[in-house]
Every structure is written in C-alpha cells, then in structure tokens.
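Engineer: Chains as they are written, first to last, in the working numbering: chain A, 1 to 115; chain B, 1 to 111.
It is worth saying that the hints were derived from the structure and are not from the lab. Among the hints, erroneous ones may be present.
Keeping only pairs whose Cα atoms sit at most 25 Å apart, straight-line, the calculated DSS-like set for lysine-lysine is [claimed, not checked]:
#	chain 1	residue 1	chain 2	residue 2
1	B	K70	A	K41
2	B	K51	B	K70
3	A	K36	A	K22
4	B	K110	A	K40
5	A	K36	A	K19
6	A	K36	A	K18
Just so we're clear, the structure is a prediction, and the values are computed from it rather than from any experiment.
So you can see what is in the structure, the chains are spelled out below.
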Amino acid sequence: ETGVTQTPRHLVMGMTNKKSLKCEQHLGHNAMYWYKQSAKKPLELMFVYSLEERVENNSVPSRFSPECPNSSHLFLHLHTLQPEDSALYLCASSQTSGSSGNTIYFGEGSWLTVV
Amino acid sequence: GQQLNQSPQSMFIQEGEDVSMNCTSSSIFNTWLWYKQDPGEGPVLLIALYKAGELTSNGRLTAQFGITRKDSFLNISASIPSDVGIYFCAGRGNAGNMLTFGGGTRLMVKP
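Chain A extracted, bound-state conformation (with noise of 0.2 Å):
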C-alpha cells in the first residue's frame, strides 16, 4: 500500500456528467498535487496546495474544481469535460520544509475516459 492512495482508478463519465476524484494521503505532508499525464506529453501540473491553501493553479479550465479539506485529503470535480481531458490524473504529496522538503510521493493515479 502506497502512503498517497487516490479513488477511483478508473473512470468513464460522459460530457454533461459531475463527477469526484478522491486523494488521501498519509504520509503526514503538508501539501498536495494535482497532475495530469497524458500520452507522449510530459507531467503537468495542475494545482498545488500547501497548508490547506491554493498556492497555485497553472491555468487549469474551470471545468476542473479542486477541493482540499484538510492536509490529508485532496479532491478533483470534474464537470463537462471533454474528450481530450481523457489522461491518467495523479495525486501527490510533500512536505513543504525540511532537507527532504523537496521529494514528491505519487498516488498510483486516476485513469480517466471521457466519452
């Protein structure tokens, strides 16, 4: 078991659905990750959050909502995506501080379609 684990792996939804990506991780970070990887393109990062707070979203459409409760949980809704929002989303986490402040830990991802 991975110390970040992200719910569901696999997710079919269609164009008008509403739909939730979930993230826990217990590693005891302080921040989060929201990436996006798709076929042949690097990693992208979409959203980042340190103490509970937004410190960045790298233009990411509003069709993609992140929700982060506490320093352990991590949520992406999705609404009227689109077929090329079809990638594997990935959850991680770090801690912000420290000599190993640096080092990411990846959840085993969100295999998403959107038909």
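Starting from the known structure of chain A, arrange chain B on it as the hints suggest.
Structural biologist: Using the frame of chain A, we list chain B on its own:
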C-alpha cells in the same frame, strides 16, 4: 520557465546490459529526483539527490547530481525484465517548491 531535457527518449536493450540515461537543465537545480513508472501506475521515487556531486545507489541503480548542478545521471546495472517502464527525472531550482519533470525515458528489456 525551467527546461529539462531527458535522454534518450527510449531504449531497447538486452537483459543483463547496463543502462544509462540523463537529464540536463537550462538552469541550476538544488534537487534532483528519479522516478520509475510502471504501466497504469503512478511514478515511484527511486533516488533523491540534494547536493552537487552526490552519488547515491539503490540496489542496481546509481544516480549522480552533476557538479555543475545542471545535470543528473541514472545508471542501471545488469538490467532485468522487471526494469521495464518509464523513468522520469525531476528537478527543483530556486523558484518556489515546484518540481520540473523531464519527458521520460521508456526502457524496454529483451529477455
């Protein structure tokens, strides 16, 4: 922004061979990380490097933080079929706590 070039993009080798891949940056990094991603899974941290010149091993894997702080290398000795996957480098410079990822090296091992 910071750029990371990872090479080679893919490698197809014979089992037992040694493997070498590297990443170069357009700017100085303070941290280098190497991850491996198996198909359908998230990246798993292999080695973390925090000091220029640092050489760290993890089993058959060895990674080095280049002394110029603009590059890093990952070597795999005596490859085995389970080494198959995509290897990513990641680095962090002075601009906040964000990591920049390389494009990945896809490794295929022929038994």
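Engineer: Does A/K19 sit within 25 Å of A/K36, going by the straight-line distance between their CA atoms?
Structural biologist: holds (16 Å)
Engineer: Decide if the proposed pair is consistent with the structure: A/K36 and A/K18, CA atoms, cutoff 25 Å inclusive.
Structural biologist: Given that 25 Å is the threshold and the Cα spacing comes to 18 Å, the pair holds.
Engineer: CA of A/K36 to CA of A/K22, is that 25 Å or under?
Structural biologist: Distance ~14 Å between A/K36 and A/K22 Cα, so the pair holds.
Engineer: Sort out whether A/K40 lies within 25 Å of B/K110, counting only the CA atoms.
Structural biologist: Satisfied, since the Cα-Cα distance of roughly 22 Å is no more than 25 Å.
Engineer: Just to be careful, I want the Cα atoms of B/K51 and B/K70 compared with a cutoff of 25 Å; is the pair within it?
Structural biologist: Holds, at roughly 12 Å.
Engineer: Within a Cα-Cα threshold of 25 Å, do B/K70 and A/K41 meet the stated pairing?
Structural biologist: holds (22 Å)
The structure shown violates none of the earlier numbered hints.
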